[in-house]
Amino acid sequence: MISIQRQLTWKLLFAVVASVGAGLIAITFTARHELLESFDANLRTRALAVTALTEAKNGKVHFEFSPDFLKGFDGAQSHHFFEVWSVEGAPLARSPSLGGADLPHLMPATDHSTFRNLDFPGDHPARMIVLPFQVKTAAGRVSSPPLWAIVASDRSELDRTLNGLLTGAVACAALLYVAVIWWVPRVLRSGLAPLADLAARAAAIDARSLGIRFPSEGLPAELGPIALRLNELLARLEQSFDRERRFSADLAHELRTPLAELRSLTECAMKWPEERSAEWERDMLAATAQTEALATRMLALARSEHGQMLAQAERIDPASLAAQAWKPFEARAAARAIRLKFDLAGSTTLADRVLLQSVLSNLFDNAVEYSPAGSELRISCANIGEACEFRISNPAGELTAQDLPRLFDRFWRKETARGGGGEHVGLGLSLAQSFAASMGWTLRANLDPEGWIVFRLAGPGT
Amino acid sequence: MRVLVVEDSARLRKTVGTALRRSGYAVDVAGDGEEGLWLAKSNDYDVVVLDVMLPKRDGLDVLRALRSDARQIHVLLLTARDTVGDRVSGLQAGADDYMVKPFALEELLARVQALCRRAYGSQSPRLTLQDREIDSIARTVCRAGRPIELTAREYQILEYLARRRGQVVTRSEIEAHIYDDAVDPMSNVVDSAICSLRKKIAVGADYPPLIQTRRGLGYVLDPPSAGRT
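Read top to bottom, the protein sequences are chains A and B.
Taking this note's numbering, the leading residue of the first sequence gets 31, the next gets one more, and so forth.
Taking this note's numbering, the leading residue of the second sequence gets 3, the next gets one more, and so forth.
These are calculated hints, taken from the structure and not from any lab test.
Beta carbons: idealized from backbone N, C-alpha and C, even for Gly.
There could be a bad hint or two in this list.
Computed cross-link-like contacts, PhoX-like style, restricted to lysine-lysine with a CA-CA straight-line distance of at most 20 Å [said to hold, decoys possible]:
| hint | chain 1 | residue 1 | chain 2 | residue 2 |
| --- | --- | --- | --- | --- |
| 1 | A | K101 | A | K87 |
| 2 | B | K58 | A | K301 |
| 3 | B | K43 | B | K58 |
| 4 | A | K166 | A | K90 |
| 5 | A | K87 | A | K166 |
| 6 | A | K444 | B | K43 |
Which stretches of chain A does chain B cover? Using the computed rule of at least three CB atoms under 8 Å from a CB of chain B, they are [what the hints assert, rightly or not]:
| hint | stretch |
| --- | --- |
| 7 | 312-319 |
| 8 | 378-387 |
Partial selection, computed: residues in chain B whose CB lies under 8 Å from chain A [unchecked claim]:
| hint | residue |
| --- | --- |
| 9 | R24 |
| 10 | K103 |
| 11 | R113 |
| 12 | R173 |
| 13 | E175 |
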């Protein structure tokens with residue numbers, strides 16, 4: 031796996047080493063060049079002085095070296111030397127420091143001055159300039175042929191300086207490299223510590239610790255938004271896990287309870303046959319019907335949610351469909367003294383007849399089951415703009431605003447609605463919403479200020 | 003022994019109640035948590051069979067309320083929640099036992115019986131009274147290896163007195179533990195049942211009765227003065 035810290039460390043080390051190396055090399059070469067330039071300039075100055083003190087008189091070359099001038103080239107301890115050669119290679123004059131010896135006879139092929147390194151006896155490094163020049167008379171006329179002024183200086187001091195410079199540069203480079211190798215990983219580790227901490231916290235999260243949240247305070251500006259977004263994702267994931275957990279628990283409860291009823295009814299009847307009665311058998315049938323209803327609804331919901339329920343849209347008169355869907359609930363509503371207020375208008379709508387009737391039946395069934403006895407149930411249908419909307423509303427009873435987000439969750443039922451033992455297992459509204467969606471309709475619920483629950487089923491008009 | 007069944011499923015409430023009654027327990031039933039808690043606090047039950055997902059008040063909440071009330075009551079949680087976490091939370095909330103639905107009726111009865119034994123500090127299902135032996139699993143009473151025919155109610159009274167052997171047990175205690183709310187507290191069902199029980203377990207006219215009356219107090223089974231064998 032690629033490590034950002036390792037990559038950055040290597041890249042930074044390479045960049046710093048390359049930059050420092052290049053910088054030190056540049057400084058060293060520049061200094062070396064400048065020192066050599068200065069050394070060569072001194073050589074040239076001395077050579078020009080020699081040429082300036084050479085004059086032609088009466089067709090002969092005459093040297094006017096003063097004692098002061100020769101003081102710089104005097105004695106065996108002097109580091110400076112000069113010699114003047116004729117074009118034929120005969121020495122015409124030399125400095126006392128040469129002690130009668132000659133400088134190397136290295137005449138250049140060009141007319142320009144040239145610099146060369148050489149070794150004096152005793153392995154003394156030196157550098158010399160060979161400067162061709164024309165001797166002039168006092169009147170300024172040029173006398174031919176030209177001569178060669180050769181000036182040399184011991185360069186041991188210069189070489190020591192250059193070596194010192196190189197040693198200093200190498201030492202500086204070594205020290206800088208050691209500092210960089212020590213410093214870069216630590217600085218990177220320290221700088222990337224919040225990222226490493228974030229990664230460690232993220233790695234520690236599993237399905238059992240979705241309640242963990244990343245601290246958003248004290249994080250660098252670059253990581254703050256990541257932590258916030260991760261916290262949002264974790265919250266959503268936790269909700270999703272909770273929902274799934276609740277679904278599993280609810281499904282287990284809804285399945286296990288009728289199975290337990292069937293088993294205990296059967297075992298009781300076998301153990302005490304005299305307890306068996308028609309009511310006992312009705313109970314067994316009801317428990318079986320509840321299990322069957324649960325299985326049927328789960329299957330329908332699964333099919334609907336997986337898009338296997340193909341809606342066949344057709345033109346429908348919403349008012350007559352609602353009236354037809356209401357008929358099976360008339361008796362139950364009357365038994366609970368529920369007053370019905372119909373307000374059915376609207377022209378036609380586009381929907382799957384079977385699915386729409388199933389959704390309406392589910393909403394009517396819930397309304398009749400859970401409306402307080404003696405209350406009013408309002409069913410309306412109207413065209414609003416280009417949409418057709420059914421509204422089914424009744425007093426909400428014990429439903430609160432906090433219940434609304436879970437109203438369409440699978441198996442959700444208000445605690446007070448549990449234990450009826452009927453076919454209401456908390457799947458009806460999930461199923462209705464899923465059926466509506468498969469037709470391209472929407473089903474929503476809200477509580478109005480008067481405490482009524484209002485279901486709005488909306489789809490396209492024609 | 004008196005048992006309370008708190009269960010929201012009407013059919014399950016009915017069958018469990020019937021099975022327990024047929025096994026000789028006095029049974030009361032409740033359909034929601036609030037009613038269950040009220041009954042448990044109002045009566046002296048040996049065992050409460052408690053569902054977890056209940057209307058009005060959650061079963062675990064009922065259990066915690068009972069435990070905070072320091073009531074020495076044995077609770078068996080009977081629930082569809084089957085995860086290890088659910089069992090752990092149930093037992094940590096103070097349950098004595100945990101059963102998952104669907105369940106075998108025989109197992110439920112055996113567990114209720116075990117909890118009843120624990121309620122009286124006994125682990126053995128067999129009780130010996132002189133030459134009579136009570137088998138609380140088979141729910142039979144034998145004398146010298148020969149069975150004594152008792153009704154379910156008579157057996158319950160005998161087992162209850164045997165569990166409290168040597169102690170004076172009041173008539174109201176017998177009513178509270180053996181009879182459910184269906185019995186009129188002013189009736190003399192306890193005296194009649196004791197009278198019938200005495201006749202059935204009597205050894206002979208020369209022997210003192212196994213169940214003796216303490217006038218104005220109640221009954222005592224096999225008191226020390228009666229001489230145990």
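To see whether the hints hold, each was checked on the structure:
no.: 1; hint: K101/A with K87/A; result: violated (25 Å)
no.: 2; hint: K58/B with K301/A; result: violated (34 Å)
no.: 3; hint: K43/B with K58/B; result: holds (17 Å)
no.: 4; hint: K166/A with K90/A; result: holds (11 Å)
no.: 5; hint: K87/A with K166/A; result: holds (9 Å)
no.: 6; hint: K444/A with K43/B; result: violated (26 Å)
no.: 7; hint: 312-319; result: holds (count 3)
no.: 8; hint: 378-387; result: violated (count 0)
no.: 9; hint: R24; result: holds (5 Å)
no.: 10; hint: K103; result: holds (4 Å)
no.: 11; hint: R113; result: violated (14 Å)
no.: 12; hint: R173; result: violated (30 Å)
no.: 13; hint: E175; result: violated (28 Å)
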